[in-house]
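Engineer: These are the residues of each chain, in order.
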Amino acid sequence: MMFKCKEKFVPAKPVEAPADLPADLFEAAEQNSSDLEYIARKHHSALYDGWIRLRKNKAAVICAVILIVITLFAIFAPILSQYTYFDTNYKAKLKPPSIEHPFGTDQFGRDQWTRIWYGTRISLLIGLVAALLNLFIGVIYGAVSAMIGGRVDAIMQRIIEILVGVPHLIIVILFMMILPPGVGTIVIAMSITGWVNMARLVRAQILKLKNQEFVMAAKLLGTSGWKMIMKHLVPNTVSVIVIQIMFAIPSAIFTEAFLSFIGVGLAAPKASLGVLINDGYKMLRAAPYMLIYPALAIILIMVCFSILGDGLRDALDPRMKH
Amino acid sequence: MAKYIGKRVFYMIITLFLIAVLTFVLMKILPGSPFDTERFEKLTPQQQQEALAKYDLDKPIYVQFFKYITDMLKGDFGTSFYYTKMPVTRVIFSRIGPSMLVGAQAILIGLAIGLSLGIIAACRHNGFVDNLTMIIAVLGISVPNFVAAALLQYYIGLKLGWLPVGFWESWACSVLPSLALCVQPLATSARFIRAETLDVLQQDYIVTARSKGMTQARLLLKHTLRNSIIPVITIIGTMVVNLLTGSLAIESIFSIPGIGGLFTDSVKNNDYNVIMGLTILYSFMYMLAILITDIAYSLVDPRIRIAAGKGGD
Amino acid sequence: MSEKKKLLEVKDMYVSIHTDSGVVQAVRGVSFDLYEVETLAIVGESGSGKSITNKAIMGLLPIGGRIDSGTVLLGGKDITHYTEKQMRDVRGAEISMIFQDPLTSLNPTMTVGKQITEMLMLHKPGMTKEQRKERAIELLGMVGIPNPTERFDQYPHQFSGGMRQRVMISIALACEPKILIADEPTTALDVTIQAQILDLMKELQKKINTSIIIITHNLGVVASVADRVLVMYGGKFAEVGDLDEVFYDMKHPYTKGLMESIPILHSEDQDLYSIPGSPPDLVKPPVGCPFAPRCNECLKVCKLYPPKTHSFSEKHMATCWLYDERVKGAK
Numbered sequence: 001m002m003f004k005c006k007e008k009f010v011p012a013k014p015v016e017a018p019a020d021l022p023a024d025l026f027e028a029a030e031q032n033s034s035d036l037e038y039i040a041r042k043h044h045s046a047l048y049d050g051w052i053r054l055r056k057n058k059a060a061v062i063c064a065v066i067l068i069v070i071t072l073f074a075i076f077a078p079i080l081s082q083y084t085y086f087d088t089n090y091k092a093k094l095k096p097p098s099i100e101h102p103f104g105t106d107q108f109g110r111d112q113w114t115r116i117w118y119g120t121r122i123s124l125l126i127g128l129v130a131a132l133l134n135l136f137i138g139v140i141y142g143a144v145s146a147m148i149g150g151r152v153d154a155i156m157q158r159i160i161e162i163l164v165g166v167p168h169l170i171i172v173i174l175f176m177m178i179l180p181p182g183v184g185t186i187v188i189a190m191s192i193t194g195w196v197n198m199a200r201l202v203r204a205q206i207l208k209l210k211n212q213e214f215v216m217a218a219k220l221l222g223t224s225g226w227k228m229i230m231k232h233l234v235p236n237t238v239s240v241i242v243i244q245i246m247f248a249i250p251s252a253i254f255t256e257a258f259l260s261f262i263g264v265g266l267a268a269p270k271a272s273l274g275v276l277i278n279d280g281y282k283m284l285r286a287a288p289y290m291l292i293y294p295a296l297a298i299i300l301i302m303v304c305f306s307i308l309g310d311g312l313r314d315a316l317d318p319r320m321k322h
Numbered sequence: 001m002a003k004y005i006g007k008r009v010f011y012m013i014i015t016l017f018l019i020a021v022l023t024f025v026l027m028k029i030l031p032g033s034p035f036d037t038e039r040f041e042k043l044t045p046q047q048q049q050e051a052l053a054k055y056d057l058d059k060p061i062y063v064q065f066f067k068y069i070t071d072m073l074k075g076d077f078g079t080s081f082y083y084t085k086m087p088v089t090r091v092i093f094s095r096i097g098p099s100m101l102v103g104a105q106a107i108l109i110g111l112a113i114g115l116s117l118g119i120i121a122a123c124r125h126n127g128f129v130d131n132l133t134m135i136i137a138v139l140g141i142s143v144p145n146f147v148a149a150a151l152l153q154y155y156i157g158l159k160l161g162w163l164p165v166g167f168w169e170s171w172a173c174s175v176l177p178s179l180a181l182c183v184q185p186l187a188t189s190a191r192f193i194r195a196e197t198l199d200v201l202q203q204d205y206i207v208t209a210r211s212k213g214m215t216q217a218r219l220l221l222k223h224t225l226r227n228s229i230i231p232v233i234t235i236i237g238t239m240v241v242n243l244l245t246g247s248l249a250i251e252s253i254f255s256i257p258g259i260g261g262l263f264t265d266s267v268k269n270n271d272y273n274v275i276m277g278l279t280i281l282y283s284f285m286y287m288l289a290i291l292i293t294d295i296a297y298s299l300v301d302p303r304i305r306i307a308a309g310k311g312g313d
Numbered sequence: 001m002s003e004k005k006k007l008l009e010v011k012d013m014y015v016s017i018h019t020d021s022g023v024v025q026a027v028r029g030v031s032f033d034l035y036e037v038e039t040l041a042i043v044g045e046s047g048s049g050k051s052i053t054n055k056a057i058m059g060l061l062p063i064g065g066r067i068d069s070g071t072v073l074l075g076g077k078d079i080t081h082y083t084e085k086q087m088r089d090v091r092g093a094e095i096s097m098i099f100q101d102p103l104t105s106l107n108p109t110m111t112v113g114k115q116i117t118e119m120l121m122l123h124k125p126g127m128t129k130e131q132r133k134e135r136a137i138e139l140l141g142m143v144g145i146p147n148p149t150e151r152f153d154q155y156p157h158q159f160s161g162g163m164r165q166r167v168m169i170s171i172a173l174a175c176e177p178k179i180l181i182a183d184e185p186t187t188a189l190d191v192t193i194q195a196q197i198l199d200l201m202k203e204l205q206k207k208i209n210t211s212i213i214i215i216t217h218n219l220g221v222v223a224s225v226a227d228r229v230l231v232m233y234g235g236k237f238a239e240v241g242d243l244d245e246v247f248y249d250m251k252h253p254y255t256k257g258l259m260e261s262i263p264i265l266h267s268e269d270q271d272l273y274s275i276p277g278s279p280p281d282l283v284k285p286p287v288g289c290p291f292a293p294r295c296n297e298c299l300k301v302c303k304l305y306p307p308k309t310h311s312f313s314e315k316h317m318a319t320c321w322l323y324d325e326r327v328k329g330a331k
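Residue numbers (the working numbering), protein chains in the order written: chain A, 1 to 322; chain B, 1 to 313; chain C, 1 to 331.
So that you can see chain A by itself, here it is in the shape it has in the complex (with noise of 0.2 Å):
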């Protein structure tokens, strides 16, 4: 069950030797060092490796693309589109999908597709904010706690601990009833407790690098401290950084979905992805289509970074035994 192998593979025949051969063939032959199979390979930086690694991934490659066509989308088709999001036609309202309106109409006669794309511009911005700011504290909160070591460590490792115990969701809602509702709110909110994690995962990293041998070795021979930060701590810490943000943002999208979703999020005419499933769940009985496509663009999305931040972390972080 686990073990078979189930390909067939038929070795070549050896190619025996005919019995007459020419007895110039049995003197010594000329052995250049050509001949030794010296493993020449390219040096690459280990990103560039990785890079190739992922290039050959092809549900990541097409989940990139899917990605790339979606926030083209989310730019242009609410700036090309003839409606707006917020202007209301009363004469025009609950509408399903028809050419006039791709994804339909809702109560208040505002065209979905236009709607949509500018929601899912706004979830998108909203996630790469968030991500970005939590990226951005995380990292200078790990990298200093692990480059400075010591007491200043202990410290700010017993912070993060303490800070640990808070339960995200719960402060990033309460955030968000004291401050005026809008998207500076929710990325802020967001990041009040969202760096933590990262700020591991950062000192972690540094730490972990900072003992190997290759550092040790590199300052046995000389190299001067920036130098060595540079060529070894950062681009191994930097794929387990853009490994974490490819899962950060669409971690954000969906807590900013789920924010909105309960209320708490943007106001109307305000809209984020969360903002019109909430709007097509309260719908759902006279227009699914409401529903449907708002949930449909923050699935595909949510799946799309999924596959494409595994393969990021294959190809970054392989484990393969060969």
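Just so you know, these hints were derived from the structure itself, not from any lab. There is no bait here: all hints are sound.
Computed from the model, here is a short list of chain A residues facing chain B with C-beta under 7 Å:
id : residue
1  : 161
2  : 162
3  : 165
4  : 169
5  : 170
6  : 174
7  : 178
8  : 257
9  : 261
10 : 262
11 : 281
12 : 284
13 : 299
14 : 302
15 : 303
16 : 306
Cβ atoms here follow ideal geometry from the backbone N, Cα and C, with glycine treated the same way.
Given chain A, put chains B and C in place with the hints provided.
Structural biologist: Coordinates of chains B and C only, in the frame set by chain A:
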């Protein structure tokens, strides 16, 4: 071990204190008071002022906070403003049942199906079940649980009428919400145990076990799973936590009288005391889940449970 | 000494492993015999196919591995076509294996005692639980582990490297198999412990009358335990013979290279000799002799056709073009 638990409990207390402070401050910054909401619209401004005075809400902040902390230590979390005069503890207690039921069911179903799928997927790597499981796993973490809930409610509840669309009249009312909430634990656990099992199958001790000449079943149960299931404990903690927060939306959709709905309602109604009580409860449950997970892990893995003894040659 | 019975006959084995980077032809036509109560050392670099050959014998190839052709006769019966059920009765009871890294080769979540009694439970159904425990403790004592009764309930991580290897040996020999395959048993151990483990193995061999196949790249190990030596290179067999024949009358240039690479403690020479180059790529195996690119006695024919096998005595054979009669000055 006792020292470790002691240290963790100490941090928990600090965090809870911090959260109490934070929530308290936030409540005070909130515009409006508990008495200018819809429920109390009949009160005149003067009556509102009297109500505030009655609950000591007009005293200086540090006085209020001190009172709150001392009361809390006695087990008194104040009274709800919305459910006038009802102690917060009673309000929360009366609503915790439904959330526990739905949550427990969700985790049990999620783990049962998820773990099974993940294990089979790993054993028949690249087979049909493996690919199916990966698809389910990706979808499971990509479909927000409130979307799943909305769709379940509409298609199975409304259109097909197989199950109630909401409220809390019978056990059947807990089925759809549990199904909606079980998707995420299912996907996460399937993915996780699949990865762990695949990893274990590559290990040297599996070759040793095979070399003994045992059945595949024994190899799987006694050697493979014994090792791959241990790390699963580490994700159960976060799963429980996600359920707590997930319930906010689910309970709203299915109109379930649980603490998730209580939280969202209290936010809308500026019911300070309930919000604070719930926040502290959530934090406590969160940290408890993580602590129990860590302790369980160290007990189950013999490498951690028994520190390496001396074994000289 | 041809009165000794043949326990194992491997004939013309081909093994391939399917990986993401292509099909690795790990073993390309290897044959050898194993007699009773002898120690055969299989020597070669990593990638020579020595480990895979032996895993193939036991049906323990990794995921993606497959015996493409060839036969393995155990006591006259061809086990390559055994069903899984039949192989289960062979593994552990007739042929056992011990592995290189005792740290990772023992199940970390199972007590050492249980791992031994498991072996007994699988192949000796007549024993009761108490009898198994008794026998296991006896075995632990036999391999030189002090306080075996206490150690029975301990976990692998509570043992040192050498101790763990002894545990592995006790597991492998629990059912007194006819053949013990030891895959680099001392490579991961300290030099001082190595000698102890090898002594232990020889001692147990006498007690139980097992034949041992020891896989190694360390000629010192070969010299101390082997009766016969089989040299492998590039998935093929290079030379085989009695210990003295191979060590002192080596025929294959690769064997010569191996001998020369052993550093001599008191010599004047400062340079360490190692055979230049690296092993061939077995995804695209070379057509002729696999050692040709690194051989300093290479002939033109060596690069074109695989060499034939020549016998120098009853047990001494080598696969090399140098011994073809057409070569000027051939023996």
